[in-house]
Amino acid sequence: MKHLLTTNALSLEEVRMIIEEAQVFAEGATWQPEQQTFVANLFFEPSTRTKCSFEVAERKLGLNIIPFEVNASSVLKGETLYDTIRTLESIGVDAVVIRHSEDNYFSELEGKLKTSIINAGDGCGHHPTQSLLDLLTIQQEFGHFYGLKVAIIGDIRHSRVARSNADVLHRLGAEVVFSGPEEWFDESLLESGKYEEIDQAIATSDVVMLLRIQHERHEQDGQDGKEAYHKKFGLTVEREKTMKAGSIIMHPAPVNRDVEIADELVECERSRIFKQMENGVFVRMAVLKRALQEGGKINVNHHQKWPIAY
Amino acid sequence: MKHLLTTNALSLEEVRMIIEEAQVFAEGATWQPEQQTFVANLFFEPSTRTKCSFEVAERKLGLNIIPFEVNASSVLKGETLYDTIRTLESIGVDAVVIRHSEDNYFSELEGKLKTSIINAGDGCGHHPTQSLLDLLTIQQEFGHFYGLKVAIIGDIRHSRVARSNADVLHRLGAEVVFSGPEEWFDESLLESGKYEEIDQAIATSDVVMLLRIQHERHEQDGQDGKEAYHKKFGLTVEREKTMKAGSIIMHPAPVNRDVEIADELVECERSRIFKQMENGVFVRMAVLKRALQEGGKINVNHHQKWPIAY
Amino acid sequence: MKHLLTTNALSLEEVRMIIEEAQVFAEGATWQPEQQTFVANLFFEPSTRTKCSFEVAERKLGLNIIPFEVNASSVLKGETLYDTIRTLESIGVDAVVIRHSEDNYFSELEGKLKTSIINAGDGCGHHPTQSLLDLLTIQQEFGHFYGLKVAIIGDIRHSRVARSNADVLHRLGAEVVFSGPEEWFDESLLESGKYEEIDQAIATSDVVMLLRIQHERHEQDGQDGKEAYHKKFGLTVEREKTMKAGSIIMHPAPVNRDVEIADELVECERSRIFKQMENGVFVRMAVLKRALQEGGKINVNHHQKWPIAY
Numbered sequence: 341m342k343h344l345l346t347t348n349a350l351s352l353e354e355v356r357m358i359i360e361e362a363q364v365f366a367e368g369a370t371w372q373p374e375q376q377t378f379v380a381n382l383f384f385e386p387s388t389r390t391k392c393s394f395e396v397a398e399r400k401l402g403l404n405i406i407p408f409e410v411n412a413s414s415v416l417k418g419e420t421l422y423d424t425i426r427t428l429e430s431i432g433v434d435a436v437v438i439r440h441s442e443d444n445y446f447s448e449l450e451g452k453l454k455t456s457i458i459n460a461g462d463g464c465g466h467h468p469t470q471s472l473l474d475l476l477t478i479q480q481e482f483g484h485f486y487g488l489k490v491a492i493i494g495d496i497r498h499s500r501v502a503r504s505n506a507d508v509l510h511r512l513g514a515e516v517v518f519s520g521p522e523e524w525f526d527e528s529l530l531e532s533g534k535y536e537e538i539d540q541a542i543a544t545s546d547v548v549m550l551l552r553i554q555h556e557r558h559e560q561d562g563q564d565g566k567e568a569y570h571k572k573f574g575l576t577v578e579r580e581k582t583m584k585a586g587s588i589i590m591h592p593a594p595v596n597r598d599v600e601i602a603d604e605l606v607e608c609e610r611s612r613i614f615k616q617m618e619n620g621v622f623v624r625m626a627v628l629k630r631a632l633q634e635g636g637k638i639n640v641n642h643h644q645k646w647p648i649a650y
Numbered sequence: 341m342k343h344l345l346t347t348n349a350l351s352l353e354e355v356r357m358i359i360e361e362a363q364v365f366a367e368g369a370t371w372q373p374e375q376q377t378f379v380a381n382l383f384f385e386p387s388t389r390t391k392c393s394f395e396v397a398e399r400k401l402g403l404n405i406i407p408f409e410v411n412a413s414s415v416l417k418g419e420t421l422y423d424t425i426r427t428l429e430s431i432g433v434d435a436v437v438i439r440h441s442e443d444n445y446f447s448e449l450e451g452k453l454k455t456s457i458i459n460a461g462d463g464c465g466h467h468p469t470q471s472l473l474d475l476l477t478i479q480q481e482f483g484h485f486y487g488l489k490v491a492i493i494g495d496i497r498h499s500r501v502a503r504s505n506a507d508v509l510h511r512l513g514a515e516v517v518f519s520g521p522e523e524w525f526d527e528s529l530l531e532s533g534k535y536e537e538i539d540q541a542i543a544t545s546d547v548v549m550l551l552r553i554q555h556e557r558h559e560q561d562g563q564d565g566k567e568a569y570h571k572k573f574g575l576t577v578e579r580e581k582t583m584k585a586g587s588i589i590m591h592p593a594p595v596n597r598d599v600e601i602a603d604e605l606v607e608c609e610r611s612r613i614f615k616q617m618e619n620g621v622f623v624r625m626a627v628l629k630r631a632l633q634e635g636g637k638i639n640v641n642h643h644q645k646w647p648i649a650y
Numbered sequence: 341m342k343h344l345l346t347t348n349a350l351s352l353e354e355v356r357m358i359i360e361e362a363q364v365f366a367e368g369a370t371w372q373p374e375q376q377t378f379v380a381n382l383f384f385e386p387s388t389r390t391k392c393s394f395e396v397a398e399r400k401l402g403l404n405i406i407p408f409e410v411n412a413s414s415v416l417k418g419e420t421l422y423d424t425i426r427t428l429e430s431i432g433v434d435a436v437v438i439r440h441s442e443d444n445y446f447s448e449l450e451g452k453l454k455t456s457i458i459n460a461g462d463g464c465g466h467h468p469t470q471s472l473l474d475l476l477t478i479q480q481e482f483g484h485f486y487g488l489k490v491a492i493i494g495d496i497r498h499s500r501v502a503r504s505n506a507d508v509l510h511r512l513g514a515e516v517v518f519s520g521p522e523e524w525f526d527e528s529l530l531e532s533g534k535y536e537e538i539d540q541a542i543a544t545s546d547v548v549m550l551l552r553i554q555h556e557r558h559e560q561d562g563q564d565g566k567e568a569y570h571k572k573f574g575l576t577v578e579r580e581k582t583m584k585a586g587s588i589i590m591h592p593a594p595v596n597r598d599v600e601i602a603d604e605l606v607e608c609e610r611s612r613i614f615k616q617m618e619n620g621v622f623v624r625m626a627v628l629k630r631a632l633q634e635g636g637k638i639n640v641n642h643h644q645k646w647p648i649a650y
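Each protein sequence line maps, in turn, to chains A, B and C.
For the record, in the first sequence the residue sitting at position 52 is 392 according to this note's numbering, with numbers rising by one throughout.
For the record, in the second sequence the residue sitting at position 17 is 357 according to this note's numbering, with numbers rising by one throughout.
For the record, in the third sequence the residue sitting at position 252 is 592 according to this note's numbering, with numbers rising by one throughout.
These aren't lab readings, by the way, just hints derived from the structure by calculation.
Hints are not guaranteed to be accurate.
When chains are identical, the list treats them as one kind, so a pair holds in a single copy or across two.
[To be verified] Below, in silico cross-link-like pairs of lysine to any residue (SDA-like), each with a Cα-Cα straight-line distance of 25 Å or less: (1) K417 to D564; (2) K417 to K489; (3) K342 to S611; (4) K417 to F384; (5) K417 to S387; (6) K417 to G463; (7) K342 to T377; (8) K452 to V606; (9) K417 to K571; (10) K417 to D443; (11) K571 to D603; (12) K454 to R612; (13) K417 to F614; (14) K615 to R597; (15) K452 to E609.
Produce the entire structure from the sequences given, and follow the hints as far as they go.
Okay, structure coming up:
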């Protein structure tokens, strides 16, 4: 039983194994555990997109999913997260997928449970399956990470994905730059990359990775604020024209159309936004297989050879 | 992939094919898609009855159902319906069943998606699977539609089912009359049938189709209002005695007992109310099969011959 | 089709058959109905723990589960429980598991439905599967009930489990004593056992069965109230040291740590709290099999012989 809590805790070897396996699933491989296996998805913060993606991945692996209604749960009566998961463990749940509003909610759980924990997002902390699906998408496109320039644009400070992606891409040898409003940048990010002005970042990067503006967090923004953001920091139709040949657009979705990205670019040729979602299922299959499988060898039969360039 | 949006858009040939196939399912036939197939039920308006019926139909066809929680969805964060369904499409969902409070919500989606859309009710607009299950129930009873007299009684103006049923029954050669409070009738209905006084309508029809009084819409009605409605426009024990030999009672449910229909008549011999629900599963199986199957041929093996009289 | 409504209505022979069959499941036996079988879990009061346990049990039996969202249901529009279940019956649901806030909600349903009803808790009334899993846990430990002393401690008056357990344990020949705040005891309990002072009850019983303090019901209790309760009526570290050799601790969970029981005792060697949860799945499998199977014979193949001492 292996947890997946953060990408930072994964060695590059583990990162590569997961995305390699995900690619194998993307090409149609199947795998099912030998015994009837139970999982539960505990989404203490709502997220249809991520939850639905896990639900598809779980069903593709033939897992049994125990519906867990957070609003009806004893957690509301003050039960600890440990007791909740220990209960699920007792009734036979082999792995839990958790999204929680608290940063590092899992630190109190480590070492105490046999059930595998897969982190589907913690506070402003981590969102490892999102990072891994981003990596898979980049790998599919370029075949390697080394030497690529990746611009991460938007509310970097509050983004789970920005930090994880910046760290792992930096470790994989990519050049990472950050852009967007300077007040959303912070010094701690300098370990992974430097701040760059928006037009330059867009014009010179292989991957333009936009982050969602969380209007939930920035309530002042009305329609005016949205238009102003789009003009100053969004991927406008004009800016897209300056992008390098072969470069791609990514966004974790849901997209605010005409804020982070112009409406007509969401499904343009450069866009990998829906491809990312597609890849999310395969990454989650790989992560679930890793969590449920003793050992962790790739035992899927597949004829194809997929060369991974590191 | 074929959508099912309205009965109006179905040719009579298509209507007949669906109810014929539904009857085949009612007699125990089975069908499963060749590949693992995913559906999602998006009920933006609650409806346990219709949703549960689809859920049974989907499981009888061996489909994988991705739970979609409207209250947790990005739709609440302003995501368009298109983006929501496009996301589900990306993660592998082959068909979506949608109930939505907006009339013709599907008009913005047509032609843009590969995923099949099955309309499970839109605003005051349409509810095609309800119409089709009503037709199946009538077909089972009488073997034909031509020449039957069908009375549709109640809040016709706000009923999704009344208009669809009136249109398709009229096209199939039945005589349709409307009854109930005259202020709930309107001129546009004259295309399909005329208004008739309640006692005559009940005494002369082969099918007495009652509509649910939506107390949600008519808030003035207290207990007095309910009793008054029952006396004036409900199927009372006395009125039932005037019904023609062989005539039947229908209601889309949930029933307001002692309002549209006397409590003791809900499961009387003439009543097909629970039969309608039973048929709902078979109609939805037929509609899902049609949506998921390339082409649309009936390839179910069945020994029985079911003569359909048109 | 057999209902399970209360333990009081079960003969001792039936109780023994259910826990024997549950033990067979605990040892790895499997059983599946011959035909595709549908169940629905209607939890009008939330309870993740019990619901999840039923969900696992149902999936282990290969049943198809129709999700039923109480908040979206027509029950809220005034539909009777009978009409709701009759609807589910019409669409093909073979058994329903119900939790409801009303005592004896099932009395209006008996004899009217073909669908099996399994009571998962009614008001302050009954919770038969909890009782049965408690019995299974005691049986596994001691091999018999006759002559055991069982102390039930806490809010006995409002506990569904206390009454059912006291009655059935008394019938099975155990000595039952009640303890905790005297104002939570009442005369009607004297049929099954007498009140005993807390220290004596804990020191002399084979089974110390703690009940959950329902802070929902006793709102006055702040942190002070909790500490005071723990000192006066809780299983403190000191009291545990006075327990008999071989005696065990039980609690229906969720536990209020440091209220009914000291935090460090929750998973101590004497504790069967998580074992109870584990057993819950097997008891529910047995109860569902009993509900779905014509007749009720044990037809599971198993090599092992499990001697049940009565």
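The hints, checked one at a time:
no.	hint	in the structure
1	K417 to D564	between (42 Å within a copy, 18 Å between copies)
2	K417 to K489	neither (48 Å within a copy, 31 Å between copies)
3	K342 to S611	neither (33 Å within a copy, 28 Å between copies)
4	K417 to F384	both (14 Å within a copy, 17 Å between copies)
5	K417 to S387	both (23 Å within a copy, 11 Å between copies)
6	K417 to G463	both (21 Å within a copy, 18 Å between copies)
7	K342 to T377	within (15 Å within a copy, 29 Å between copies)
8	K452 to V606	between (44 Å within a copy, 14 Å between copies)
9	K417 to K571	between (47 Å within a copy, 22 Å between copies)
10	K417 to D443	both (21 Å within a copy, 22 Å between copies)
11	K571 to D603	within (13 Å within a copy, 56 Å between copies)
12	K454 to R612	between (37 Å within a copy, 18 Å between copies)
13	K417 to F614	between (39 Å within a copy, 18 Å between copies)
14	K615 to R597	within (17 Å within a copy, 47 Å between copies)
15	K452 to E609	between (48 Å within a copy, 16 Å between copies)
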